[in-house]
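Participant: Now for the letters of each chain:
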Amino acid sequence: MSPLLQGVITVIVGVGGCVGYFFLSNLILDKVIFPPKADNPGRNINRANLVRPWLFLFPAMAALGLYLVYPVVGSFWRSLFNRSGDEFIGFGNYTTMFADPGFQTAFGNNLLWVLFVPAASTFFGLLVAQLTDRLSWGNIAKSLIFMPMAISFVGASLIWKFVYANNADIGLINAIRDFFGAEEPLDVLQVRFWNNFFLMFILVWIQTGFAMVILSAALRGIPEETIEAAIIDGANPFQVFFKIKVPQIMGTIVVVWTTITILVLKVFDIVYTMTGGNFGTDILPSYMMSYMFRDDGRATAVAFVIMIVVLPVMIWNIRQARAEMK
Amino acid sequence: MDNIAGTKSSLSWAVNLSVIFLVVLWLVPTLGLLVSSFRDRDQISASGWWLSPFAVEQNFQASLPAGEARRDGDFFVIEGNLFSGGEGEILRFGGTRSNPTAFAPGETGDLRRDRSLTVEANGDFIYRTPSEISRDPNVYYATATPPDFSLDNYQTILFSNNMDVAFINTLTVTIPATIIPILIAAFAAYALAWMDFAGRGFLIAMVVGLLVVPLQLALVPLLQLHNKVGIGQSFLGIWMAHTGFGLPLAIYLLRNYMVGLPRDIIESAKVDGATDFQVFTKIVLPLSFPALASFAIFQFLWTWNDLLVAKVFLPSNSESWVMTVKIADDLLGSRGGDWGILASAAFISIAVPLIVFFTMQRYLVRGLLAGSVK
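Quick mapping for you: the protein sequence lines, in order, are chains Z and B.
For the first sequence, position 48 matches number 48 in our numbering, and the numbering has no gaps at all.
For the second sequence, position 235 matches number 235 in our numbering, and the numbering has no gaps at all.
A couple of the hints might just be wrong.
Unchecked claim - Derived pair list, reagent style BS3-like, types lysine-lysine, alpha-carbon separation capped at 25 Å:
1. K31/Z with K270/B
2. K270/B with K282/B
3. K282/B with K31/Z
Keep in mind that the hints were calculated from the coordinates and are not lab data.
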């Protein structure tokens with residue numbers, strides 16, 4: 001059976017199954033288990049309404065539990081076992097991993113990524129948002145800078161391979177070097193340490209649009225009176241921006257920053273396609289993928305380290321959400 | 001805000017210039033890919049894509065027909081024209097592979113072993129050698145060829161490299177993985193937004209927490225689970241995985257939107273005797289269309305562009321490759337130096353997301369804002 005046909009059938013079965021589940025379960029609840037007639041209709045309706053939220057929630061909660069909550073525990077448990085998974089070795093995977101120079105490089109590089117990518121994306125996003133704010137063609141400009149959001153990390157990596165290529169007739173960077181009289185083309189992806197930044201810039205290129213869209217909306221939301229008052233008091237455009245606008249959208253900047261930080265910890269595609277983790281460019285997600293299918297114990301240990309790094313952001317997010325609900 | 005005193009600043013030309021600069025910087029890499037995907041592979045390696053509208057100086061090799069050699073005193077001579085019938089202009093020529101552009105047209109180039117070669121700009125050549133000519137001698141020349149744009153790269157990649165299969169596979173992964181989570185999430189979001197029950201706050205907090213759980217954690221345990229229950233690495237497995245991974249964002253976005261719907265409508269429907277199920281299907285769901293559309297676009301882009309989940313949950317044989325895996329694991333290795341093929345493959349894989357992006361940008365922006373600006 002062709003996979004596409006299989007897909008169409010899955011859509012029909014899946015959608016039909018979901019609709020059928022919700023419809024039938026509600027029907028059974030109302031008509032069979034707690035029918036609002038019998039001797040005590042009021043009590044039955046109340047009981048049915050106590051159960052109903054869980055009918056609505058059940059499929060989602062089951063899927064979340066199985067696909068996101070269970071793996072957190074499951075991964076941690078698996079990381080305590082050896083490569084083949086039959087011998088309990090406690091934190092053995094963690095100790096050998098921390099001693100591995102490859103892991104240390106990956107961890108250090110990941111630290112660079114986490115610092116640089118959110119900072120640069122937010123900076124460029126804020127810059128574009130502010131510059132295009134009053135521009136007549138601002139929306140077109142924003143749309144074009146937003147566009148890389150739609151491109152896959154693999155696609156983006158290929159696009160940038162044409163910029164970084166080790167050939168003055170293909171790679172823009174080498175063409176520019178050639179123009180200024182460089183003799184030999186340079187493989188920028190093999191320049192130790194700086195090659196990390198060339199890879200990071202691909203992600204900055206993708207994420208700037210995201211930061212721009214959100215910060216642009218936040219800038220629009222600033223009360224005009226505050227800006228007018230500052231201008232009347234003689235503030236120049238830079239003072240208006242840094243002293244009036246930025247403080248008022250600080251909350252949004254933090255949200256953008258943390259969202260991109262979380263994303264950085266997931267992206268293995270760019271390193272995987274551009275260098276395969278060679279030349280000292282490995283990061284934790286790509287380091288993990290090099291152990292995936294080979295040593296599940298080590299792979300889950302890396303994944304759990306990523307989880308620990310994300311944990312503070314997770315707790316902060318939950319506290320924010322709780323504060324808002326009150 | 002144009003009427004505020006002082007806003008029409010003298011900086012406006014600087015602002016325009018810097019925005020133009022940034023837009024160009026952001027657009028140029030993609031433009032390079034697009035242009036390269038239409039160029040002939042030899043032209044790609046001969047000149048940069050930014051020079052593609054101009055003629056390209058390319059080196060060619062020709063074999064002189066040994067059979068047409070005639071005797072001229074002590075020498076054997078072949079005469080003729082390098083452009084057999086066609087037009088062209090010789091820029092440089094040479095007699096060895098190592099130095100194919102040694103001489104200017106009109107010069108008489110001395111080759112090793114007393115041989116000589118003269119090529120005129122119009123292609124006429126005279127080749128002289130003191131010894132008998134047994135096989136066709138090779139000459140090399142550079143000539144300007146006009147820009148050569150075609151769909152050849154697309155044809156090659158689509159019909160002889162199985163990119164069409166990968167395209168169908170991507171589509172197959174994407175459609176169920178986009179539709180099914182929406183439905184499941186919509187019901188849950190309604191319950192979290194409009195139904196009162198113990199533990200609601202906890203569940204909402206849990207969804208917010210799960211939003212940031214790194215996918216990497218899920219890979220090993222879930223693959224083991226899939227293997228244990230017999231799903232293994234299959235399309236069914238990846239649909240379920242994408243559904244699970246997409247749910248937190250779906251529930252979060254939809255709940256945020258549904259909470260903002262006017263309370264009056266929902267309460268008056270309930271007063272009129274509508275059940276929760278009817279309120280949901282007849283009122284809340286149609287009103288939530290913008291949020292549903294935002295999430296659908298997110299999920300579509302994410303599943304279409306995904307490499308990680310596809311690598312882990314799909315079989316690793318070439319019939320099941322999606323486009324991202326095909327490019328990253330196959331083409332970059334086997335076609336690593338074939339830039340035209342790589343460019344067209346990349347463009348095929350990003351074309352659909354770009355179309356979705358430019359047609360539905362409004363919903364995408366709205367979804368982003370609902371997710372992060374309070």
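Participant: So which hints don't hold here, by number, going up?
Facilitator: Going through the list in order, the structure violates no hint and respects every one.
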